[in-house]
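**Student:** Given the coordinates of chain A, assemble chain B onto it according to the supplied hints.
Each chain, written out:
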Amino acid sequence: MSKKIDETSGWLQRFAAWVDGDREPPDRTLLVMERRPHRDFRPTEEEFERREKDRLRKFFNWYPIAATVICVVMAAILLTTVMNMPGFGDEDNPINNEVSERYLEHGAEETGSENVVTAMIIGYRGFDTLGESCVLFLAVAAVMILLLRDEKNTTGRELHQLEREEAGAREHADLILQQVAKVLTPFIFLFAIYVLLNGETSPGGGFSGGTILGAGVILFSAAFGVQRTQRFMNRRTYSVVRTFGLMLYAVLYGIYIFIGANGLPNHLAGMILLIDLAVGLVVACTMYGFYALFSRGEI
Amino acid sequence: MIVLEYILLIGLIVCAIAAPLCKRLLAAVIVYMAFSLMMAVLWSLLQSPDLAITEAAVGAGVTSILFFLTLKKVHALKGTHDE
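Residue numbers (full-length UniProt numbering), protein chains in the order written: chain A, 1 to 299; chain B, 1 to 83.
The shape of chain A in the complex, shown without the other chains:
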């Protein structure tokens, strides 16, 4: 940190030093400004306190009024918009155009999916969903950047406290939570897999199934602790599954676009299933990753 950066060193080194947070060489003019003694303008304690109290009182007087006004105005705007919207389920609504007609009439044969919603999400608008999966992936990456523990951002004291908390949780395990989790977790996993793999024919699909799967893993992790979760979900498995899901989706959808596009014979009826699986893996990993990173800072 204290290494000197002189003017002659290359811009690359200076940039690296700037990224690392090293100080620029002190500016002479600033130094002069700093040296000048402060003007003695400190208010006394009582006056400071009084002024602070005054400000707080003003804030608490105005805050509810401002909040109410903003809420009422927003609600009025939204309500007038809703009033002016066409009625729910009317025949001549603008959404009942040729696009939805096409989806409803030809969806099953063009994408091989009985469920029109899945046909739309994964088939016709699969590119959107690919973007959404990327957003989820990046969200976990961003949370990792902020919250992941390593030796650089954790002091020994914090680690010690964390260990103590975990030991306490292990000794005084919540009996009700554990028993309930023991009964419920297999069924949650089963239901998640059912929803995930049955997205073609029944409501559900990648997003909902993945969320349920993630919730199941969260329940298991909350009830039985980190060690038992890490038997099947350590950091390596986690990143492999997450990346595999996204890559599988990208590859499959690429193939889907180039082979199964409109006008070509559709041999890819099973493709929806695999894409659903990929989305489900990404979503489940996102949910569990958020939980693990928020609660312990590691996966």
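No lab work stands behind these hints, which were simulated from the structure alone.
Take the hints with a grain of salt, since some may be wrong.
Examples of chain A residues lying across from chain B (beta carbon under 10 angstroms, computed) [what the hints assert, rightly or not]:
(1) GLY112
(2) ASN115
(3) ILE121
(4) GLY199
(5) GLY210
(6) ILE218
(7) GLY225
Being a predicted model, the structure only gives us computed values, none of them experimental.
Ideal placement from N, C-alpha and C gives every residue a C-beta, glycine not left out.
**Tutor:** Positioned in the frame of chain A, the structure of chain B alone reads:
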């Protein structure tokens, strides 16, 4: 069915008004969770079961868990030893 829908809609409005008025943050999160749950039932009554499943899992489940974790991190849960 239509009566159930009206009951749920009234519940939604009550929850939406109650959530910001709660003094305790934990209560606010739980009210928000109830809002999500009623919304999920409403979605399935409006014949969009896909949305209902996702709303129940994300809105009532995972979001609330993340809120609880955040409250625990900032020591806003009552009954924890370091409050």
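**Student:** For every hint, state whether the structure bears it out.
**Tutor:** Each hint, compared with the structure:
no., hint, verdict
1, GLY112, "violated, 18 angstroms"
2, ASN115, "holds, 8 angstroms"
3, ILE121, "holds, 8 angstroms"
4, GLY199, "holds, 9 angstroms"
5, GLY210, "holds, 9 angstroms"
6, ILE218, "holds, 6 angstroms"
7, GLY225, "violated, 16 angstroms"
Hints 1 and 7, counting from the list given before, are not met by this structure.
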